[in-house]
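Asks: Knowing the structure of chain A, use the given hints to seat chain B on it.
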Amino acid sequence: MKAIKKIIFAVIIIVFASCEDVVDVEVQDGPTRLVVEASLNWEKGTAGDQQTIRLSESTPFFGTGTNTQVTGASVVVTNDSSGDEFVFVDQGNGEYLSTTFEPILDQSYSLRIEHEGEVYTATETMTSVTDITDIFQNREEGFNDEELEVHVVFNDPEEEGNNYLFKFHREGDLLPSLEVGEDRFLNGNEIDWWFEIEEDEDENIEPFQPGDVLQIEMYGISRPYYDYIKILVEQLGGTGLFESTPVTVRGNCVNETNPENYAFGYFRLTEVVKASYTFVEE
Amino acid sequence: MNRRTQLGQAAQNTLWLLWLFLLGCAQAMGQDSHTVSGTITDKSNGETLFGASVLLGGTTIGGVTNEYGFYSITAPAGEYTLRISYMGYNEIQMKINLVQDLKNDVEVSEFSTELDEVVVTADEPERALLGKPEMSVVKMNMGTVKQMPVVLGEVDVLKSLQMLPGVTNNGEGTGGFHVRGGAQDQNLVLLDEAIIYNTSHMFGFFSVFNADAIKDVKLYKGGIPARFGGRVSSVLDIRQKDGNNKNFALTGGIGVISSRLTAEGPLFGDKGSFLVAGRRSYVDLLLKAAGEENSVSFYDLNLKTNYAINTNNKLFLSGYFGRDAFKLGSSFDSSYGNASGNLRWNHIFNDRLFSNLSAIWSRYDYDLEFAQDEFEWVSSITNYNLKYDFKYYLSDAFNLDFGVNGIYYDFDPGEVNPTADTSPVNPLKLDQKRALESGIYINAEHKLTPSLTLQYGMRYSAFSRLGGQPISEYANGQPVVYNSLLDIYERGEAIGETEYAKSETIKTFGNLEPRVSLAYLLNEDSSIKAGYSRTAQYIHLLSNTSSVTPLDVWTPSGPFIKPQLSNQYALGYFRNFLDKAYSLEVETYYKTVDNRIDYIDGSDLIGQNTIETEILNGEMRAYGLELLLRKNEGDFTGWIAYTLSKSEQRTLGGTAGGPGINNGDWYNSAFDRTHDISVSGAYQLNDQWSFGTNLVFQTGRPVTYPNGQYVYEGLSIATYAPRNSDRLPAYHRMDVSVNYKPRKYENKRFKGEWVLSIYNLYNRKNAASISFGQNLETGANQATRTAIFGIVPSLTYNFKF
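Residue numbers (numbering that gives the first Met the number 0), protein chains in the order written: chain A, 0 to 281; chain B, 0 to 800.
Keep in mind that a hint or two might mislead.
List of simulated lysine to any residue pairs, SDA-like, C-alpha gap at most 25 Å [unchecked claim]:
{"hint": "1", "chain 1": "B", "residue 1": "Lys-428", "chain 2": "B", "residue 2": "Tyr-383"}
{"hint": "2", "chain 1": "A", "residue 1": "Lys-166", "chain 2": "B", "residue 2": "Gly-713"}
{"hint": "3", "chain 1": "B", "residue 1": "Lys-764", "chain 2": "A", "residue 2": "Val-21"}
{"hint": "4", "chain 1": "A", "residue 1": "Lys-273", "chain 2": "B", "residue 2": "Gly-713"}
{"hint": "5", "chain 1": "B", "residue 1": "Lys-428", "chain 2": "A", "residue 2": "Asp-226"}
{"hint": "6", "chain 1": "B", "residue 1": "Lys-287", "chain 2": "A", "residue 2": "Glu-140"}
{"hint": "7", "chain 1": "B", "residue 1": "Lys-428", "chain 2": "A", "residue 2": "Ile-190"}
{"hint": "8", "chain 1": "B", "residue 1": "Lys-645", "chain 2": "A", "residue 2": "Gln-27"}
{"hint": "9", "chain 1": "B", "residue 1": "Lys-740", "chain 2": "B", "residue 2": "Tyr-682"}
{"hint": "10", "chain 1": "B", "residue 1": "Lys-579", "chain 2": "B", "residue 2": "Ile-527"}
{"hint": "11", "chain 1": "B", "residue 1": "Lys-764", "chain 2": "A", "residue 2": "Gln-27"}
{"hint": "12", "chain 1": "A", "residue 1": "Lys-166", "chain 2": "B", "residue 2": "Ile-527"}
{"hint": "13", "chain 1": "B", "residue 1": "Lys-217", "chain 2": "B", "residue 2": "Gln-161"}
{"hint": "14", "chain 1": "B", "residue 1": "Lys-102", "chain 2": "B", "residue 2": "Gln-161"}
{"hint": "15", "chain 1": "B", "residue 1": "Lys-428", "chain 2": "A", "residue 2": "Asp-182"}
{"hint": "16", "chain 1": "B", "residue 1": "Lys-217", "chain 2": "B", "residue 2": "Gly-772"}
{"hint": "17", "chain 1": "B", "residue 1": "Lys-214", "chain 2": "B", "residue 2": "Gly-340"}
These are computed hints drawn from the structure, not numbers from a lab.
Here chain B stands alone, though its shape is the one from the complex:
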């Protein structure tokens, strides 16, 4: 398609959406109806519930609660039965007489109130979701997460998500996660709306999310709603608990690696609540006791408090602070971590218009100290984010989301500071970079007929790379040049630089990001859904290693680095069967990403001030089929997830000339997994005993192996096959867990629980990497496998009172 017809097509599509939009508004205006609205909370602790389903019995009119537990339903005047249901909670039915607008806050109670362990016995939202155009979404219940077997007893949201289709990691002991063949930096990870730049503790062994402080987890693998922007692969939206506003409670656990304690309780009478959760590892203490000089450790702190000014205004303050440290003898000391804070104001303008204003700050930084060489290396990324989001419940068939946001970024890629006069190292400061990313969006959820619902919206994002730094100029404008004689890419010749003042803008970008999806109910038990979304990403994580490390730095788009642009198409079939005890979700997707950074052979990113001389702009494509079969009811619950997928990338020479990286051929991205099967099961024997198991099988990670050798300088030098054209052996393992809750005493608030987990039960030595080199004694070439976890049993004790 040429550009002209593309534009024509876009204009036509826009007009079509506009027409629908006006139709929706007109429908909403022309009715004599009333609204029932309110907040749904948990009876035991006052936590608001996100995603609870609210339905008018006998009609198709209904909705789900938003992130703050708020719902609003508009219907013609009349008598109705309001049915409220939420996964793991008792359904509530109440008669309402809708002759005027009603305010109706509802408290619901859990089936089981043991230690927040929500057993998935009913899956109401799943049923309701059949008709909702939301697809490619995974919502994890914290109860399910806590029941799954885990390594070293650390309950881990990110690891649990990897048991679902389309989500993988890069092997044990590596950070982050990959969604639908995307890279780690293509995930937007939000903790109470604050951007978290590094999701791992201990280089990836554990996630930074303390399960005790988290209320819910939602992962958008595709069909990303228009209110989110900035990443092309996924959005992981994690919300912290608000804190118990009924009574004071302590929750905690003692594990092998770390211990945790959470305190929560009411504040200002019944007007507010607070939560403070802390977690600390003690491997370092054990290592120290064992006389080991090297150590690693982490801790984190979650804070949350809220205050209801009145029924229409509520303030929330939340914070996170986490840090890792590692130390190698007396020569090397380092620490890194995220910190964030968010002040929110929920304001209900009227029973149909909900709003939230957030002011958010977050930061990631690291600090390395080289005692011997007497210098330190520091680096950070900081952002300030202002967001104003609205949800307008116009009618039972038409809802609108709209809002604006702006993020100011401050990148400090690296600074070297000598720590003594005798240091052999000179001070150095890489150019500080600044940028402003803004977005404005509107999105409609429009029920056209009882069985067809459409969601359509548009986001406009803009990015300005701000001045205050010099930008290098290169001969012929090429920071990377192709050396045709040697067939390699080399750094371009710098011929000068332009200094930009802080008031100047170096480069701006703008992108329209349409998002459209539909759900069509085939019958009461099945539906098909389809979606298209376009997303833009303006900041990039620089990493030329097979796994990202905590020391990789983020860089903004600018004169040499273009924003990543993604198009994703998805089609799905959803079905509940056998009296809704089982559900089946099948989805296929096709995704492309333009302007994905790729690294020239021999790129050097460490302390690199001119990143543009090390990279070329490439592209990615990924496609796959995902199957999820779940059993939602009964003593035995669980799922089977299967993903068949492909993820590739290609980087052509472009203006730098030459064929490109890897000869300009498509090659497997490091996140390509042909087959990925995960089975997770939980069995509730009785009130005391329950059991869990995980089974995982994955095609090995693409890697690059040697394809020859030669002798040079008395050493065997390996030559290598094309990028990622080999694979590690297949990854598989089985985990089991046993939970035991001692019989509880009447009238005692204290409840305890033992969790025994065995990770990798049959002790498979899964290769995290295979490394090739010469045996120092014999001189023969050999392959060395590194396996991170063998069989790992662990025991954890959890308590609550």
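Looking at chain A on its own, in the form it has when it is part of the complex:
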């Protein structure tokens, strides 16, 4: 449904030959905050013991690549049932590594970060994901019925409340694409999720071509994380006329010492299936 508003906008642009151009705009400067990228992803069929947490700081919107890594913090994840602690070791580059993590589906975990005398905490549950049953390519579907799109097929589980995060990254592209899905209208059905890249001459982006290699990741995510990442992904596409008023999205990391100084980012635990697809000549 969300696509409709995009479509309206697209049609307006086409019909009225409206113009889009990049302009200089002055924006405000918000407070600098700690950014927690604590994504513990358990790839199906692996041990899942190697996990990385990234800490950084937020910057001005038009800020240029300053060093934002946060080092010297203490990072610990705890299994809420057993009390087992997993210490993430500072690698000196903003990354914190554990090689002994023990993932358990539907298990609740807690994160505790100590940084510059302030304590940040978060709690989340490891969420499972169903298998991808088929991946194929086609042209007819998608926004453009002449260009290639990929189809990821999977069976949504019987019980309601499954949420998905997809990450598509074509080799050679700088940025990945994120998409989110829920089973609200689709519960228990076989789902065919398509993904297409729209041409953008200004930014040198081409649609899929035979030979392109696409990395596909499908994550099972919790409902709170879905609510978070959904807004975040929506706002990635820009905030045009028919978009909701954009907001700063709050994650689940709470500053216990100074609640005002909360952290961006999220502590998530997800099961993920990964696949690679190479487009072929038809």
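Replies: Using the frame of chain A, we list chain B on its own:
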């Protein structure tokens, strides 16, 4: 003020009004006087004239015609000169001997009869209106509207209204309009009394009103008369033409975007007339020819017919049907539109009591088809409205309006239907909602002294949310809860639901809506006016985007959504000067709206069955100063309009807890425009050539820009400043138009006219939106401006025979 003193105050005010009312009635009874009444019509086509001024020469006794052209004046017996005047028409003076009640229908003729182009050379009603307590009202003459330069050659009533103070839009290519800092859904838009829910074609580029089918347009920005109810910001009252009852006529035009044709003529001898007007766009045909798979198109049809049973009874039947379609390749197809019908019965009980009974139906619906995913999505709102209105002309100093009405609503917020067995989508039907809105009102126009006229009235409105659906129950009765840990609002926990039978009522509301205004004539050329009005609104348009879309749905008040209540105070100064060639109108207003819905961060309205989990009840306030300087006479006519205003909203946490939306702070509403200047001019060189121009300058629309970024999932994620704390760049443009009427041949009925319009002459790229994101190639953050219209020249040919 506490509630007790408030009640006391209200009771006291009511008593005071009652006393005045009785005084008026007593005055009316105690006179030996007679009444002259009748209908004022246009000589050329028999159209009744609304707002024509009827005066007894040498006295201050007079009035204006109502929506059906009817007037009634009561005066002591004697000889008088009856003076009838109407903007752009020749004044008529006739001697009457008022020794008994008189029936006096009058035909008046236009100064110029070219293509209905009424050039504003005299502004009689303006003069008369100095003494009328009606304020904050804009009446647009269709002739003026048709002379203004327009985008793509489409004459547009709504765009013309935006050239006046206090009326704005939300940027090019967005639907609807905003009045005095109010939202779009706070406007009651009536086409021949039928509620129109969506006023735009093509997402807002054009309005649904075909100028050829419209007789007059009146916008109440405040001081809404007691006979209207249901919206808190404004009433736009648009009346269709009745149709030429003298002879058959065809009017039409060929434009860049669309073409139109109107046929009208007499029916049943001279007892009736009809009008059929059609309009269709052909962008879709051009796009198709150019091999483009995507398209948009619209069409509309206006119908009107009337039949005079006898001099005291007349029937009118009117209809509107309009539809938009848009299509994206083979994957997506959609259409939406309004439809309405109205059957009216005008009955004149006697020469002082006029009545009108209307049975009205209207509907708005949309239908989306997703061919790929094999499902369709439909949604609609339908209403049935019965109205009985009376106007009682008691005496020259005292008139009464009173009436009742009831509206039954049927809301079908959304239905998902799979279109094939293989569809991955499950069927879904959001709860259908039903409601009954009723109103009863009485309003007096009371001339206390020759220079002081008072208008006072009361409307009582009631709203019942009817059963036939379940209502969710939430833990602690809170559909939205505040998460103090994360400082966010979240959906409440549903703990069950109550099923209401169709015969049950879920919730009822009732509101007293007093409306008071006065006009005080300072001298022959100037007056001051003041007004207060309270209005209630029971249905709400759900939209959490910066611009409303055709796909937004209406929802009724109920257990979780309270009716919006507005108080508006206005004060104005009105003056005609330089021998009435110029007029000046200055008004200030202050308006508050309680229970304005606001959306929690991350609200999801699409396919949402429990809207209450996405919203909080907030409030709005708006205030401003409006100036309108007009030149009404001469070859050069036009106006300068300036508005200085502020419109804000605030939403506190209330029972949900927490500080509220945007931390509970007041923030600019999306319709806030600090400065808004519009200049419109028309110059009549000779019978062949005329020129028009528009100049517009507006403070940019409030928007929310990023105030930082961080890296997450390999992407730059923007963080945002407080709601609407930034602004788009200022909006400005200039338009020009040239009208050329080839010299007409003697005895030929055919008349033609060319209109060349250039919109946005200096090709300013006004930002409709500025969007922020990462450049896909470099990864750097950038701001992208979308400008809808650059310079747009267009040529239109209009004809009539």
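Asks: Holds or violated: are the alpha carbons of Lys-740(B) and Tyr-682(B) at most 25 Å from each other?
Replies: Given that 25 Å is the threshold and the Cα spacing comes to 14 Å, the pair holds.
Asks: Regarding the pair Lys-102(B) and Gln-161(B), is the alpha-carbon distance no greater than 25 Å?
Replies: violated (40 Å)
Asks: Lys-428(B) and Asp-182(A) were given as a pair; does the straight-line alpha-carbon distance stay at or below 25 Å?
Replies: Measuring from Cα to Cα gives roughly 16 Å; hence the hint holds.
Asks: For the pair supplied as a hint, Lys-166(A) and Gly-713(B), confirm whether the alpha-carbon distance does not exceed 25 Å.
Replies: holds (11 Å)
Asks: Tell me if the straight-line CA distance from Lys-273(A) to Gly-713(B) falls inside 25 Å.
Replies: holds (17 Å)
Asks: Is the Cα-Cα distance between Lys-645(B) and Gln-27(A) 25 Å or less?
Replies: holds (22 Å)
Asks: Would you check the hint for Lys-428(B) and Tyr-383(B), treating anything up to 25 Å between C-alpha atoms as holding?
Replies: holds (23 Å)
Asks: Against the 25 Å threshold, does the CA-CA distance of Lys-166(A) and Ile-527(B) hold or violate the hint?
Replies: Roughly 66 Å between the alpha carbons, so the hint for Lys-166(A) and Ile-527(B) is violated.
Asks: Quick one, are Lys-428(B) and Ile-190(A) close enough, alpha carbons at most 25 Å?
Replies: Judged against 25 Å, a Cα distance of about 21 Å means the pair holds.
Asks: Between Lys-764(B) and Val-21(A), does the CA-CA distance stay at or below 25 Å?
Replies: With a Cα-Cα distance of about 12 Å, the restraint between Lys-764(B) and Val-21(A) holds, given a limit of 25 Å.
Asks: Given the hinted pair Lys-214(B) and Gly-340(B), is their alpha-carbon gap at most 25 Å?
Replies: Answer holds: Lys-214(B) to Gly-340(B) is near 17 Å, not above 25 Å.
Asks: Sort out whether Gly-772(B) lies within 25 Å of Lys-217(B), counting only the CA atoms.
Replies: Roughly 44 Å separates the two Cα atoms, so the pair is violated.
In this structure, the hints that do not hold are numbers 12, 14 and 16, in rising order.
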